[in-house]
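My request is simple: use the sequences and hints to build the entire structure.
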Amino acid sequence: MQKTYYDPADLKKFGKISEWNEELGSKFFDYYNSVFKEGKLSEREKSLIALAVAHTIQCPYCIDAYTGDGLQRGITKEEMIEALHVAAAIRGGASLVHGVQMMNKVNKLDG
Amino acid sequence: MATKSLKKLGSDLAQSNRQLEILSNGIFKNGELPTFKDKISKTNQFPLKAKKLEILQINVGYMCNQVCDHCHVDAGPDRKEIMTRDTMKQCLEVIKKSGAHTLDLTGGAPEMNPDFRWFVEEAAKVGIKDFIVRSNLTIIRANKKYHDLPEFFEKHKVHVISSMPHWTKGKTDKQRGDGVFDKSIKALQDLNAIGYGMPGNNLKLDLVYNPSGAFLPGDQTALEKDFKKALLEDFGIQFHNLFAITNLPIARFLDYLIASENYEDYMYSLVEAYNPAAVSNVMCTNTLSISWDGYLFDCDFNQMLELPVNSKSKHISEYNEELLEGRDIVISQHCYGCTAGAGSSCQGNII
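As given, the protein sequences belong to chains A and B, one line each in that order.
Heads up: the first sequence at position 55 corresponds to 54 in numbering that gives the first Met the number 0, and the numbers run straight through without jumps.
Heads up: the second sequence at position 238 corresponds to 237 in numbering that gives the first Met the number 0, and the numbers run straight through without jumps.
Hints in this document: simulated from the structure, not taken from any laboratory.
Model, not experiment: these values are computed from the prediction.
Do not rely on the hints blindly, as some may be mistaken.
What the hints assert, rightly or not - The calculated label-pair distances, taken between Cβ atoms and stated as ranges, are:
{"no.": "1", "chain 1": "A", "residue 1": "40", "chain 2": "B", "residue 2": "42", "range": "35 to 45 Å"}
{"no.": "2", "chain 1": "B", "residue 1": "218", "chain 2": "A", "residue 2": "106", "range": "48 to 58 Å"}
{"no.": "3", "chain 1": "B", "residue 1": "147", "chain 2": "A", "residue 2": "8", "range": "48 to 58 Å"}
Unchecked claim - If we take Cβ atoms under 8 Å as the criterion, some of the chain B residues that face chain A in the derived model are:
{"no.": "4", "residue": "123"}
{"no.": "5", "residue": "126"}
{"no.": "6", "residue": "127"}
{"no.": "7", "residue": "168"}
{"no.": "8", "residue": "212"}
{"no.": "9", "residue": "214"}
{"no.": "10", "residue": "215"}
{"no.": "11", "residue": "216"}
{"no.": "12", "residue": "219"}
{"no.": "13", "residue": "220"}
{"no.": "14", "residue": "225"}
Glycine included, every Cβ here is placed at the ideal spot set by N, Cα and C.
The structure is reproduced here in structure tokens:
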């Protein structure tokens, strides 16, 4: 049994997921590839969104993949860190905004 | 940032046989990754054969005013290999009788060869269709004696191709040295001022992008769009085409890959991105590379690895285009660099 839950080499095997269910696997990857094509948003913008989301969901495979993807697209580290701060702000804000619920409860019980 | 060539530093990796050893051992020897020969054999593309010659690429010397981190030539101010006027004369004879439509001068910084201007003047008289000089841009600003290069290029209708690793100062200077970005911008503005790179102008100015680290170049068209937008908005600079070139794992880039522990992962990325469609158009099949001392190679990379052409015609003194056509191309694992993704050549993508 492997000693860690994550192995960087597994990222390369992502496509193998389809081997156990060809139909759903193919549908997923078709969808995935379509999502990242240029639309109203550029591929570059989508790559930065993916990078920010990757950090939000803390997926090490996705972080590897979209850091590399960003570099290939010429995205600078300054742009990357700005995208991450957006993720961090929303994530931190999501905790903090629940403080309103806390305040409501305190006010009700002990106001 | 490097200040001396690997050769000057006495590094093991300055030896071409040491580089070839690394490229053939490890992951390629233990079967983890297929060799380039095995890979192209699977699609019946081995041996790779030279087609009709289209591009003559002449390396007029390894001396350069810069010491870029990823230079496949291991060029720098300390390199003394310089083409002599006698060898240039032999090259001119070859250019006159060659069927090639493109002449491509490279280096080092070709402009640092003391006979560079003489050679350009003579070669321009031959009337070859596309006459390229690969200029690193900073040379134009390096010394007063080079300031008039844009006018010199214009006079001889030279097609200028220049390296530009990024549209930001940080990434450019990281790869090519402090101050390179600002000098390159000024040189590009000088070239633009006399018409180079301007829309509809015949004075061709193209840029070469190669990644600043251990990753492959992204989509050439998308990068060109980003480069054009940023350079125009930030500096009012225009150019014609962007060529995205993959860094090949040789010389200083190989040294960097090993030192940064990226070598194996990089080779994996190259092999994974292997595209059989790119194999049929690799530049070695229509290009011939001539070294500063007149020897013939399938490409500039093979020149640096000292892998001569597999032909009886090995030197310009015995140049025979008919004999060279159809020769087997000499390959090793560095060739994966030209077949990754949309392919890579000195003219950018190949599919």
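Against the structure, the hints:
| no. | hint | in the structure |
| --- | --- | --- |
| 1 | 40(A) - 42(B): 35 to 45 Å | holds (37 Å) |
| 2 | 218(B) - 106(A): 48 to 58 Å | holds (55 Å) |
| 3 | 147(B) - 8(A): 48 to 58 Å | holds (55 Å) |
| 4 | 123 | violated (35 Å) |
| 5 | 126 | violated (38 Å) |
| 6 | 127 | violated (33 Å) |
| 7 | 168 | violated (10 Å) |
| 8 | 212 | holds (7 Å) |
| 9 | 214 | holds (5 Å) |
| 10 | 215 | holds (6 Å) |
| 11 | 216 | holds (6 Å) |
| 12 | 219 | violated (11 Å) |
| 13 | 220 | violated (11 Å) |
| 14 | 225 | holds (6 Å) |
Violated hints for the displayed structure, listed by number in ascending order: 4, 5, 6, 7, 12, 13.
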